[in-house]
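Asker: So you can see what is in the structure, the chains are spelled out below.
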Amino acid sequence: IHFVLLISRQGKVRLTKWYSPYSQKERAKVIRELSGLILTRGPKLCNFVEWRGLKVVYKRYASLYFCMCINQGDNELEVLEIIHHFVEILDRYFGSVCELDLIFNFHKAYYILDELLIAGELQESSKKTVARLIAAQDSLVEAAKEQASSISNMIAQAAK
Amino acid sequence: MNPFSSGTRLRDMIRAIRACKTAAEERGVVRKECAAIRAAVSENDQEYRHRNLAKLMFIHMLGYPTHFGQMECLKLIASAGFPEKRIGYLGLMLLLDERQEVLMLVTNSLKQDLNHTNQYIVGLALCALGNICSAEMARDLAPEVERLLQFRDPNIRKKAALCSIRIIKKVPDLAENFTNPAASLLKEKHHGVLITGLQLCTDLCKASEEALEYFRKKCTEGVVKVLKDIANSPYAPEYDISGITDPFLHIRLLRFLRILGQGDADASDCMNDILAQVATKTESNKNAGNAILYECVETIMSIEDNSGLRVLAINILGRFLSNRDNNIRYVALNMLMKAITVDTQAVQRHRATILECVKDSDASIRKRALELVFLLVNDSNVKPLTKELIEYLEVSDQEFKGDLTAKICSIVEKFSTDKIWYIDQMLKVLSEAGNFVKDEVWHALIVVISNASNLHGYTVRSLCKAVQTSGEQESLVRVAVWCIGEYGEMLVNSTGMLDIEEPITVTESDAVDVIEIAIKRHTSDLTTRAMCLSALLKLSSRFPACSQRIKDIIIQYKGSLVLELQQRSIEFNSIIEKHHNIRSLLVERMPVLDEATYNGRRAGSLPGTASASNGAALNLPNGVAKPPAAPLVDLLDLSSDDVPTPSPSGGDFLQDLLGVDLSPASSQSGTIQAQKSGTDVLLDLLSIGTPPARSSSSTSDILSSIQDNKTSSGTLERLSSPSALSAQSSSPAGGSPIMDLLDGFAPNLATQENNGPSYPSIVAFESSSLKLMFNFSKSPGNPQATTIQATFTNKSTNIFTDFIFQAAVPKFLQLHLDPASSNTLPASGNESITQDLRVTNSQHGKKSLVMRIRIAYKANSKDVLEEGQINNFPRGL
Numbered sequence: 001i002h003f004v005l006l007i008s009r010q011g012k013v014r015l016t017k018w019y020s021p022y023s024q025k026e027r028a029k030v031i032r033e034l035s036g037l038i039l040t041r042g043p044k045l046c047n048f049v050e051w052r053g054l055k056v057v058y059k060r061y062a063s064l065y066f067c068m069c070i071n072q073g074d075n076e077l078e079v080l081e082i083i084h085h086f087v088e089i090l091d092r093y094f095g096s097v098c099e100l101d102l103i104f105n106f107h108k109a110y111y112i113l114d115e116l117l118i119a120g121e122l123q124e125s126s127k128k129t130v131a132r133l134i135a136a137q138d139s140l141v142e143a144a145k146e147q148a149s150s151i152s153n154m155i156a157q158a159a160k
Numbered sequence: 001m002n003p004f005s006s007g008t009r010l011r012d013m014i015r016a017i018r019a020c021k022t023a024a025e026e027r028g029v030v031r032k033e034c035a036a037i038r039a040a041v042s043e044n045d046q047e048y049r050h051r052n053l054a055k056l057m058f059i060h061m062l063g064y065p066t067h068f069g070q071m072e073c074l075k076l077i078a079s080a081g082f083p084e085k086r087i088g089y090l091g092l093m094l095l096l097d098e099r100q101e102v103l104m105l106v107t108n109s110l111k112q113d114l115n116h117t118n119q120y121i122v123g124l125a126l127c128a129l130g131n132i133c134s135a136e137m138a139r140d141l142a143p144e145v146e147r148l149l150q151f152r153d154p155n156i157r158k159k160a161a162l163c164s165i166r167i168i169k170k171v172p173d174l175a176e177n178f179t180n181p182a183a184s185l186l187k188e189k190h191h192g193v194l195i196t197g198l199q200l201c202t203d204l205c206k207a208s209e210e211a212l213e214y215f216r217k218k219c220t221e222g223v224v225k226v227l228k229d230i231a232n233s234p235y236a237p238e239y240d241i242s243g244i245t246d247p248f249l250h251i252r253l254l255r256f257l258r259i260l261g262q263g264d265a266d267a268s269d270c271m272n273d274i275l276a277q278v279a280t281k282t283e284s285n286k287n288a289g290n291a292i293l294y295e296c297v298e299t300i301m302s303i304e305d306n307s308g309l310r311v312l313a314i315n316i317l318g319r320f321l322s323n324r325d326n327n328i329r330y331v332a333l334n335m336l337m338k339a340i341t342v343d344t345q346a347v348q349r350h351r352a353t354i355l356e357c358v359k360d361s362d363a364s365i366r367k368r369a370l371e372l373v374f375l376l377v378n379d380s381n382v383k384p385l386t387k388e389l390i391e392y393l394e395v396s397d398q399e400f401k402g403d404l405t406a407k408i409c410s411i412v413e414k415f416s417t418d419k420i421w422y423i424d425q426m427l428k429v430l431s432e433a434g435n436f437v438k439d440e441v442w443h444a445l446i447v448v449i450s451n452a453s454n455l456h457g458y459t460v461r462s463l464c465k466a467v468q469t470s471g472e473q474e475s476l477v478r479v480a481v482w483c484i485g486e487y488g489e490m491l492v493n494s495t496g497m498l499d500i501e502e503p504i505t506v507t508e509s510d511a512v513d514v515i516e517i518a519i520k521r522h523t524s525d526l527t528t529r530a531m532c533l534s535a536l537l538k539l540s541s542r543f544p545a546c547s548q549r550i551k552d553i554i555i556q557y558k559g560s561l562v563l564e565l566q567q568r569s570i571e572f573n574s575i576i577e578k579h580h581n582i583r584s585l586l587v588e589r590m591p592v593l594d595e596a597t598y599n600g601r602r603a604g605s606l607p608g609t610a611s612a613s614n615g616a617a618l619n620l621p622n623g624v625a626k627p628p629a630a631p632l633v634d635l636l637d638l639s640s641d642d643v644p645t646p647s648p649s650g651g652d653f654l655q656d657l658l659g660v661d662l663s664p665a666s667s668q669s670g671t672i673q674a675q676k677s678g679t680d681v682l683l684d685l686l687s688i689g690t691p692p693a694r695s696s697s698s699t700s701d702i703l704s705s706i707q708d709n710k711t712s713s714g715t716l717e718r719l720s721s722p723s724a725l726s727a728q729s730s731s732p733a734g735g736s737p738i739m740d741l742l743d744g745f746a747p748n749l750a751t752q753e754n755n756g757p758s759y760p761s762i763v764a765f766e767s768s769s770l771k772l773m774f775n776f777s778k779s780p781g782n783p784q785a786t787t788i789q790a791t792f793t794n795k796s797t798n799i800f801t802d803f804i805f806q807a808a809v810p811k812f813l814q815l816h817l818d819p820a821s822s823n824t825l826p827a828s829g830n831e832s833i834t835q836d837l838r839v840t841n842s843q844h845g846k847k848s849l850v851m852r853i854r855i856a857y858k859a860n861s862k863d864v865l866e867e868g869q870i871n872n873f874p875r876g877l
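Taken in sequence, the protein lines are chains A and B. If you count the first sequence from 1, position 52 lands on 52 in the numbering used here, and the numbers rise without skipping. If you count the second sequence from 1, position 75 lands on 75 in the numbering used here, and the numbers rise without skipping.
Next comes chain A alone, as it looks inside the complex:
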């Protein structure tokens, strides 16, 4: 997988992840080209678009298009499955995910994607494992926050 894009129906970018080197300019261009290409496609058409010698597999969930760019020789049907896998994990994590969840918690969406894909390759086929790993890391963050706030409380009390 060369990159992952989440684009809203209005063409706004909700998440981008690049596994192959594209400069900032190229990235903007790619996004422009692809949103023009994908958002205009009708609902009954196939989920694959050929683009610059590569293929983009996309799937629409509610108002969001999930796109992944792959090589000519890769298995398009599997990538559709990966997209679905990702969506299901997001859904479980946020509890019936919607676009707003992904906007306000975009960093969480990235964390989840990082547990699913590394270097553009699938990392984990079990939704449960991904959920567990994310939960463990979230609790680490919570613990650190609590610790920080209790320290600052102590400092505040000492200061009185």
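Just so you know, not all the hints are guaranteed correct.
[As the list claims (entries may be wrong)] Which residues of chain A face chain B? A few of them, derived with a C-beta cut under 7 Å, are:
#, residue
1, Ser8
2, Gly11
3, Val13
4, Asn47
5, Ala62
6, Leu64
7, Asp74
8, Glu121
9, Ser126
Simulated from the structure, these hints should not be mistaken for lab results. For clarity, every value in this text was computed on a predicted model and none was experimentally measured. Using N, Cα and C, we set each Cβ at its ideal position, and we do this for glycine too.
Dock chain B against chain A, hints included.
Answerer: Only chain B this time, still in chain A's reference frame:
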């Protein structure tokens, strides 16, 4: 405390941005936030660093520049806590890419984190490394990653495996270090580790032949067993996707088996049973199952031959192709393209279905299907297939027409057996979608038309008819205009009628009408208009009755704002007005275009090079008494000796011929042009009123030699590039015999070896009426120079008068011709003409001599012209 850093929370900023109604408002909010973050950065604010970075990431996603946040990522990564590191690594992956030098600074932090006691921090570091590492980092950190492949927690092992993939992609030499640990990952039970381990092994096999051999020997059976277990495993809720246990693992196993089985009969044998089982037992009503079947078919097609399995696979594809789901049909088409090399017959059986897919409403499917049809075409089915495609062309979408015409044209070119069919099909395409046809295509068509002398009349009449109905198709109009210019009289006299043709009556003024309409059409571009003017000039001599009218049309462009048109108009007008005596010679029909040269040029063409700025090809010095009294058509293309860069594009070709300056782009290509060839120089020298000559010794020499020969008024026509071997003749007498003779002679003569300092004489050229011998001598002190004595003998029974010999050589040679002994050659070999040529080979010892010649004379008071290329010079000259 810094007044800015207490600013908004991330959530509030996102809200504020979303509340913006206009882009300008949004830019304002972002600018304010960025200013605050910059201030915080320069204050080295600790407390809100991670919040600021999170904001920056959001801003980055909106497409604003965020480079000033890069150092913040590094600082966060270097801090101790997990939350800071987590957001720092995320920022690193988002804001930086592997080409930024800042990235090198993070190597040390990464190294520490890879050795951290907290496994989640190790995981973060691996993830970042896997996503953005550069070659240098890969080298530095490979030992750490290798060690982590054996980490106790499987979740780290799987991350390390994927990280290794990135490392060996960046530095393939490291592959051997990873081979052993990767093999041990394949024995694991954890699906994540298995999936990533398989992926790593697959990539290792691509990177190193040794790894492939190793895995083939050690792992084939194990992988087959894993696939067997997973295919037969009972319901496993954790990995189940629509009734199939872990399709992702299935697919990776199949993919790895494909690599192992390719080109190895034993390994292929080992996996036959399980492949058959997967191919027959997998449910095909859900996407996951189809994804596995698709991968399985690909594996079956790639491993060593097993006919039973192949039948199975082709059947699956047949089922896919008739599926209602567009995705499935798309992958079926995709896979059939690969299958075609394995079993063409089986794919041909689905031809009708595939042809239907070309007409699908889905662009992706159409495109795939079209490519597949292109591969399916062969000599036996080309005619019905082309017919179908051309019929479809009439109704297809605008945006698909480009692809479709390109494919049809290349099919027609590739498989055309007879010229009339080719011309017919091309005319259909041009009438239907002429605006989508690339320039090379209609250029090639003109070359073919020019070579099909028996079809000239038929073609020009068909074109005339077609252009009446499809005058809006630019390239059709161009071809039509060119043909009317060349073969206008055939249009009017209905010469060369074919049986299949319906007779039409076209008067001379009708023919002029066609061109006048074309030149006045507002959509016509410069090329078309310029071609129209040339055609009109030609017609003015072919149809003397219309001469005045043509002159009137030409005169209208005297004031054209386009320099090219203006110049042509003025020049042509003066030809018509003042040079009656030479006009008919000047606008003679073009010599037959050399297909071999054209194809060669096309093959070696550089895209984007524009034409030569030789619009003044027919330039005439007004009132100056040195008119070139013959068509000065194409030029000496001397540039195509072994210098690769300046090879002219196919596009030049016709423009050269027609003297059309194609586009404004030619000014940009001036640099290419300058080195391209000396051909322009020749033109420049012969014509007055064009820019000063760029000096080029070789062509100047040729020119002077020509003048020595008093042939400056002779016909200087195409002398094609030395790479084209076939001789050609534009004289009606004996064109093809010459070719045959040359073909027969060249190999024999080329084998003659020279065994001493003296070089054997060669028969340089021989036709039915003429023989040319070359004797060589070298002056001792100067190995580069050779003196050639040419001896011409007349084999026919007619006396030859006005005998003129011309020669041209590539740039690395210099040629000087001495005057000939006579310009009259008595009949039957009674006497001969001799002429000395002095050649200097600047690449002596590296390249042999090569020469193009042309001989013009009068026999029986008829002009005869013979041409040829000499490449049987003895070596070492």
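Asker: State for each hint whether it applies.
Answerer: Hint-by-hint comparison with the structure:
| no. | hint | result |
| --- | --- | --- |
| 1 | Ser8 | 12 Å, violated |
| 2 | Gly11 | 12 Å, violated |
| 3 | Val13 | 6 Å, holds |
| 4 | Asn47 | 6 Å, holds |
| 5 | Ala62 | 17 Å, violated |
| 6 | Leu64 | 14 Å, violated |
| 7 | Asp74 | 9 Å, violated |
| 8 | Glu121 | 5 Å, holds |
| 9 | Ser126 | 5 Å, holds |
Of the numbered hints given earlier, the model fails hints 1, 2, 5, 6, 7; all others are met.
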